[in-house]
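Knowing the structure of chain D, use the given hints to seat chain F on it.
As they're listed, the protein sequences go chains D and F. Under our numbering, residues 1 to 282 are what the first sequence spells out, in order. Under our numbering, residues 1 to 282 are what the second sequence spells out, in order.
I should point out that these hints are in silico values taken from the structure, not numbers from a laboratory. Hints are supplied without guarantee of correctness; some may be wrong.
The list treats identical chains as interchangeable, and a pair is accepted whether it falls inside one copy or across any two copies.
The calculated EDC-like cross-link candidates involving lysine to aspartate or glutamate, where the alpha carbons are at most 20 Å apart (straight line), are [said to hold, decoys possible]:
(1) Lys32 to Glu20
(2) Lys212 to Asp84
(3) Lys230 to Asp123
(4) Lys226 to Asp214
(5) Lys226 to Asp23
(6) Lys226 to Glu215
(7) Lys112 to Glu147
Values in this document were obtained by computation on a predicted structure and should not be read as measured data.
Number of protein chains: 2
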Amino acid sequence: MRSVERMIQTSFDIISIGYELLDGRVLNTNAKWLAEQISSLGGKVCRIVVVGDQVEEISSVIRDSFRRKIDWVITTGGLGPTYDDITLQGVAKAANRKLVLNRRALEMIKKKYLELFEKGLIDSPELTPHRIKMAMLPRGAEPLENEVGSAPGVLLKSGKTRIVCLPGVPSELENIFTKRVKPLLEKSMKKICTADRWLLIIGVPESTLAPKIDEVKTKFPQVYVKSHPKREEEKSIINLYMRALAKTPSKCHKTLNDVEKIIIRLVEELGGTISRPEGAPT
Amino acid sequence: MRSVERMIQTSFDIISIGYELLDGRVLNTNAKWLAEQISSLGGKVCRIVVVGDQVEEISSVIRDSFRRKIDWVITTGGLGPTYDDITLQGVAKAANRKLVLNRRALEMIKKKYLELFEKGLIDSPELTPHRIKMAMLPRGAEPLENEVGSAPGVLLKSGKTRIVCLPGVPSELENIFTKRVKPLLEKSMKKICTADRWLLIIGVPESTLAPKIDEVKTKFPQVYVKSHPKREEEKSIINLYMRALAKTPSKCHKTLNDVEKIIIRLVEELGGTISRPEGAPT
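Chain D extracted, bound-state conformation (with noise of 0.2 Å):
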């Protein structure tokens, strides 16, 4: 099934930069949060990837997304100023880009600094090395402007890959993502629908239950079922969630049409019985 899902939707990996993450320090709220907004616009995140403030490590797991053919890959973290702020880096060696200086992204961080210093906010305008650093971006990457922090998030494409690079502070990421990113997204996503629907199994136990449903999931590789037993010990009770990816939200109702049928036929033949509850269950 996961080939076809790949194949209907477009896939995504998020990778998490910074040590505070690794030792428990920082809890990756992040990813849980870009792993929603990817999942509410028809995207599949296929891995998220916690890693450490290190060239080698970065680099090497955004290759390991170009070997597997991610679409869309997304870091947290590592922009700022700070000489151990160096996922740029690693994106520069992953798609083998030199670092540059980029003008657009000069211009974002000067207008941000003058602000900044008009609103007596900072000592002095200057563009600091350290300051400078945050414009040196992959050759051929755009700059992302951030409304609310200094550093910009940045666009790259290497083969068929997009790499989009976020600041770790939640309020800048999600800035950027909202404004920047998420209508980019909108645009070159392949469009998807998705219908779910759940049943309430009664009478049938999981084990009678499950070499049968591994068929209707052969049948039907565009749609996701997942059973949950409402308790294991019972035996009896399972609600069966299905979710329908198609191109059209008719097609997905249809679809799902089609297996309750064929789940209604089977739960009947075992002598059980069946139901479709309004909504989720709880």
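For chain F alone, coordinates are given in the frame of chain D:
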């Protein structure tokens, strides 16, 4: 520096398994909890990887941990009785083992269901196929008793890597880790001490300090140094964090003293002032 850390510290990968983590429905608190535990024991988490419930994906990331010579791989999720709980299939594939009925695991499961039956919580203590499924472990594996739920954890040695499989339910994961895994780690992990120190540096811009710090890092690979500019715009206040790794506490402190001396001299040469605050800065 990282390679030295790897030489000193026992290395870990955490592999979290489940589509619910990839579509943003569930926040990966298990990985954070494990990372905290491992760090506090002196271990080093190298990567956290989230993959879907798919045998190929699971075996592929575990093999990647083998290639990177990771000491311990800890998986979470996918040990339950349902047909999409396929973690052990993925582990077996990665380690080139067959899944076989493990007598000790079966005894644990039998005892568990008998207890539930005697308490009147289930209709029958019968070992149904999906209950027996939880006792099908990779050949050579050892079950780890689960005092909270029904699926035992699993320990398997493959080459120099030890693989630990834990259930995804946090209370079960925490129970097995604390009672069964932690004692093993405490016995087998390389003995390592750490000591932390903070320095407050005033009047030296981070961009000036950074290359000097890089030199110190090269000279003392067993020391982790990270600068936290207090307000990047004011460019003059830096909290410098140092962590030393060594086999004894006295070695840690000696190293930190040596590094501190060098940094004090550097800062004074650059016209700044330095102090050692009590504890971590706020």
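Going down the list of hints, with the structure as the test:
| no. | hint | verdict |
| --- | --- | --- |
| 1 | Lys32 to Glu20 | both (16 Å within a copy, 10 Å between copies) |
| 2 | Lys212 to Asp84 | between (53 Å within a copy, 13 Å between copies) |
| 3 | Lys230 to Asp123 | between (62 Å within a copy, 14 Å between copies) |
| 4 | Lys226 to Asp214 | within (10 Å within a copy, 52 Å between copies) |
| 5 | Lys226 to Asp23 | between (34 Å within a copy, 15 Å between copies) |
| 6 | Lys226 to Glu215 | within (13 Å within a copy, 55 Å between copies) |
| 7 | Lys112 to Glu147 | within (9 Å within a copy, 56 Å between copies) |
Hint check: no violations occur; every hint is consistent with the structure.
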